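Trainee: The lines below spell out each chain.
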Amino acid sequence: MDFLVVNFAEILFYCLAVLTVAGGIGVLVFKSPVHAALSLLFTFVMVAALFLLLHAELLGAVQVLVYGGGIMVLFLFVIMLVNVKTLAPEQAFLSRLAPLAVVAGVLLGVLIAFALIFGVLVSGHGDGTALRTVGGAEIGNTEAIGAVLYTTYLVPFEIVSVVLLVAMIGAIVFGRRSAGLEIEGGGGES
Amino acid sequence: MIDATHYVVLSLILFCLGLIGVMVRRNFITVLMSLELMFNAVNLNLIAFSFRLSDLAGQVLAIFVITVAAAEAAIGLGLIIALVRLKDTVALDEADVMRG
Amino acid sequence: MKLYDFIWLVPLFPLLGAVFNGFVSNRRGLSKTTTQSVALLGAGLAWIYGWAAVIQWFFTEDHTRAYSVTAFTWITGGNLTIAGGSTAAVDIAASFQVDPLSAVMVGFVTFVGFLIHLYSVGYMHGEPDRDYARYFAYLNLFMFAMLTLITGSNLPVLFVGWEGVGLCSYLLIGFYFEKDWCAAAGKKAFIVNRIGDFGFLLAIFFAFYYFGTLEFQGLFDAMAGDHGGHYATAATIIGLLLFVGAIGKSAQIPLFVWLPDAMAGPTPVSALIHAATMVTAGVYMVARCNYFYQMSPTAMLTVAVIGGVTAVFAATIGLVQNDIKKVLAYSTVSQLGYMFLAAGVGAYVVAIFHVVTHAFFKACLFLGSGSVIHACGGEQDMRKMGGLKKYMPTTYWTFLVATIAIAGIFPFAGFFSKDEILAKVFAAGYGDLNHHGGVYYLLWSLAVIGAVLTAFYMFRLVFMTFHGEFRGGEEAEHHLHESPWTMTLPLQILGVLSIVGGFIGVPGFLWGHPEHNLIDRFLEPVVLHMDHGGHAGAHPGLGLELGLIALSLAAAGFGIWMAYRFYFVDREFVRAGKLAERFPFAYKLLLNKYWIDELYAATFVKGTVKLADLLWEIDARVIDGAVNGARHVTVGSSWLSGIFDLRVVDGLVNLVGRFYDVASLQFRRLQVGFAQGYAMVMVFGAALLLGIFFVVNL
Amino acid sequence: MDTQYGWLLNLICYLPLAGALLMVFFIKNENVGAIKTAAAIIAGVDFVLSLPLWFLYRTDGAEFQFASRAEWITSVGAQYLFGVDGFAILLILLTTLLGFISVYSSFTAITHREKEYYVFLLMLQTGMMGVFCSLDFVLFYVFWEVMLVPMYFLIGVWGGPRKLYAAIKFFLYTLVGSVLMLVGILALYFYNAGGLKAIGLAGLGNTPTFSIPHLYTIAPQVPPELQFWIFLAFFVGFAIKVPMFPFHTWLPDAHVEAPTAGSVILAGVLLKMGTYGFVRLSLPLLPDATVKAVPWIGVLSIVAIVYGALVAMAQKDMKKLVAYSSVSHMGFIMLGMFALNDPGLRGAILQMLNHGVSTGALFLLVGIVYERRHNRLISEYGGIAKVMPVYATFFLIITMSSIGLPTLNGFIGEFLILIGAFNHSWVWALFAASGIVLGAAYMLWLYQRVFFGELANEKNKSLKDLNLREQWTIIPLIFLAFWIGLYPKPFFDRMQPTVDRVMERVSVALPETDLGFVSGGDTDADHAEEPESKHGE
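Residue numbers (our numbering), protein chains in the order written: chain A, 1 to 190; chain B, 1 to 100; chain C, 1 to 698; chain D, 1 to 537.
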């Protein structure tokens, strides 16, 4: 039992890592979009747990809320909306280039891994205090991020909000019945 | 001892899985999901480095990435709906109107 | 910044153009505008950069030593024991150099090359988009190879260009590959060139064996430092083998047969490759490796004799040809002979001088003939031309200027170079060079005869084509027109150069100022100076020199006068016909080019093919027959094949098959997902970049 | 011996076999799509996994790296010994690349018994890689034989009309060779261990072992007579594989009858087994015999070069032409190797890769038109550059690579081989260089007859140009051709330790260098090695 206690962090990490990868593979291999989406959701939650391990509590929470809550619901909603089953039956779920593409992906992965091995490896770890500290006072991760986000990164923050707005408008335009090929005057100001 | 390398490698694996997903799946929806997977891999990387370097910038950047990912998901799913209306399919390779 | 540190950019620009036109423009069928812009940009940048680099080099560097830059390490072949028992590493770098000789060559090759690119824009406009792109890809590729050839600083890099121009020549001759004879001509050119390359390769090996280096400067230094004549044998072997290469590339006897056939290619190609640049590569190479020849009287004499004989031999064939391009082709062979003749008497500078002036006027002539053929709707037979002067005046005047230049009339470009060749050859005889004075006198007289013949057949060409009445029929006459400006502008520029181009090499010694001969002074450091025996330095007196000049002018004049009588005054060519009737054998002999092609076809080509067939028979019957004796074993083992068919394979593989009913991948070929294809290519690209990173860094 | 990353080598070697077994058990015969995808993924992943070898190999490290070792048959001293040097790594990379390409190129060419076909291809790959990895004679021999079986079936089941004849010929030929090789191996083994009592030769009395690195160390002690006999046994085994004149007649038949992928593997990798054997075994193990054999093998090689080229010229069948050109090219490799000097050996090793790339690509290209027209006769074609421009371009590039145009791979190899051969004897170089002219002649003649001229044959007018998949099977090879042609240094760096060590071992027996010329450069070029000229014709 000692082993479990002493190496708790490692064991936790490896468990989470394996589960994350398993979830990712699930996204790849499940034929049904619903299953894939659930697998993806699972991955998101595992990644969120990994965030917690890395002392990024706020990010963990945001991950669960935005991805797990928002984006995932959006996905499932769209899947239901287009009702995949009623569409023309899918004869193949892999694209024609699949073998080559897999090779390409693995190749790139191996090469990057090599870059890692031959480059400077990022060993060591911080203790996370700095992630809770602003101006010498230890105030917690959420506050710290808030403090930085609304001061140093204020301008990017604002720009991103505009991006979100534009995306929203775009999504609405696409979603309208008359969307696509026959936009006549409409859509511009909605 | 688990150090940043482990996280980076995990993130690399996740990223490649997403990348392969983007390239091999025909279903547009799953392709988008794979894309989300890649975003997640990037976030993991950012946060791992933020932890390693004790720098909040990584986390802030991750927040931006999440925001952009949300925007991307919204647009992408909108596109899917448009595609379904237009062609009655979610297969990505059917979307070839622009083909030369 | 030293521009000439990046002299390898000069060949690189056209290469990029070739890659774009070959793989993008040709594949996608891009518009002609795009294609020609890229091609002209490639050739133009090479021209501008080449001139800029050379000029900068001219003013900043020492001209007596080659300025060499290494682009990258190419071959690392390990160590080899060489002559004298020492060890040398076969390390060959992709290195490039600037020295006076390279500078001159870069100067005119990039310039003439660009002009001919420009001309091609007009000439090839009728081709379909893809063929147009293909044409310019080849042309740019040729520029790359030629510029590599002249800027390379060691024998292997020169060889890269050497083979490269051969390849482009093959591709461009066979450009209209649907026509069997074009394809055959291309193949012939390549294979004949390969025979020459065979000698070249052996020369490289010998050079490495003796000197342990293949860098030109290193070889030069080794030869210059050899005062005891230790390398005489080496010089003879290497010199002769290199000359085999030069014979192939520069179409000398006995390997000249490919050049006339090479006229099957588009006319600008004939101008660029088969007149101005590629075929002069042999001369360039002999001049570049002059130190071997300087050391070896045998090699020098061989070069001179082959050059001199070819000069007259080809000229005689040119006398009776009726195809306008064939005449020019034989004229080129003949002029190349003159260049080798000059090289063979040790006047390498003069040879290069003639290369330059020849490039101007011969390119002008070919382009002019292209213009004529263009106007006549593809007709090349001079008997169906005539009177074109009034339809295409620009072409006529430029053509005339170039013709006067090639005939060697003062003060046109050809006069200076050709006259200097004659003078040098005469001087070689006079000075009893290498104690072969008699032979050189003989060669000189051949060269004078050649001058008469040259003037004759060139003016015959002009008279038949441009003067008299048009003989091509009403229909064709209707279509006669002057060519567009992209074609006439190069003609005019080259025409002007045919007039003034000779002034870089005025015979300054006549008035006691040898330094007035700019090209001579400039190129002097390239040549290794040697004492050649005989009463060296014995120059003919001034009076004799002037007499020689007068004689060569008279020879040219005589040729022109004959042509005038036979083909200008006598509009119907009756006299010429009568002459042919009186000497039927001689006429047929010349018309059929001495039946050399037929001779080669009957002996070497047929012999090889017969031998191949014979060996194939032997292979199938004798060697394999012995093996087939063992086939009886097969009969014994027929049970094997029996079991074989009884699904050994299936049984093996399917043993466990059915128990497992795992849902497996459905995979069917549907339409390709393009976006994903792009993504895949992107990923491959990223992987490639990383790979390159590793290759470079590890 | 360096055992770091030893697992990687085992993984690469056995992955195809494991994948093949999985396919046998988990994929239904009818599910052709899944079979193809799975086979391609296995071969592709195997290729990707083999790439680290390229980077991880250390040129300054031990002779054999990535080694792994286990006891096997302890009673005779055979062990499981894996390990590679730079030379083997280059060949392994070639194998995995061509393995992937041959799988990928078979997608439409093979239309019956797909599962067995891909299973055999993958098994073949394990066999070939095992040969390159083995450092123990028994293991080596096992893989050597294992490799034969799938190839036999590939030719015999999926081949052309005379497939059985060709398959059995191939099988018998190589079997004879390998049996003789086994005799040689045993002779060496017994000499090292106890002695050869039958012929009254006392042995060295060492611990019995089949370990090749260990036997390297006793090589100088083997008496020359014994070396001669062992060399002869090895020679027959390897010369058949190469194939050297006059053992070459199985090759055209096997090539012509084999399916395209089979030809690619056969030309690309199987032929290299012979040359690999020479470099790995004959040269370092039997230096005395090697040096004595030089004139004979040199002459045979030159005959092969000229003879192969001339016979290729007489062929009417495209595949046969390429097959005979292989004979000629392999002659170059043998010539360079037996010049027994640095550049020659380097050139030979590089030319092994080049031949794999160029000839492999040529077979692929011929296979592509064969698939469309089911005809390989040259006279059936003509003018198809008009309808298949991309195909014509690829074919031209590969042709140029095959005839050794500078900036493409063939030139580097041939140049070094010739300069090496020249240093041994200039007469060798003279005759061998004529192979270059002949090479240009037959390849360009082929090109002219197939691609140029009028598009006379009606059936050719509707030929489709290459599709994306077919292009992707050729592009990697073209890329390699340019890479080797323009920047071969990384390849030379990797083969250098091997070359140095082989030269070191051979030089024990090398006489004082006699280069044919009397040194100093002031003497006559004539010299004593004239007899070769008779054979050269």
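Calculated from the structure, these hints are not laboratory results.
Mixed in with the good hints, there may be bad ones.
Unchecked claim - Counterexamples of contact, computed for chain D against chain A with all Cβ distances above 10 Å:
1. I73
2. L93
3. L164
4. L226
5. Y370
6. R372
7. F479
Claimed, not checked - Rough simulated footprint, nothing fancy, chain C against chain D, three-plus residues with beta-carbon under 8 Å:
8. 76-87
9. 213-221
10. 380-393
In this text, all values refer to a predicted model and were calculated from it rather than measured experimentally.
We put the CB at the ideal spot given by N, CA and C, even for glycine.
Trainee: Evaluate each hint against the coordinates.
Mentor: Hint-by-hint comparison with the structure:
{"no.": "1", "hint": "I73", "result": "holds, 36 Å"}
{"no.": "2", "hint": "L93", "result": "holds, 13 Å"}
{"no.": "3", "hint": "L164", "result": "holds, 32 Å"}
{"no.": "4", "hint": "L226", "result": "holds, 47 Å"}
{"no.": "5", "hint": "Y370", "result": "holds, 23 Å"}
{"no.": "6", "hint": "R372", "result": "holds, 20 Å"}
{"no.": "7", "hint": "F479", "result": "holds, 14 Å"}
{"no.": "8", "hint": "76-87", "result": "violated (count 0)"}
{"no.": "9", "hint": "213-221", "result": "violated (count 0)"}
{"no.": "10", "hint": "380-393", "result": "holds (count 6)"}
Checked against the numbered hints given earlier, the structure breaks hints 8, 9 and satisfies all the rest.
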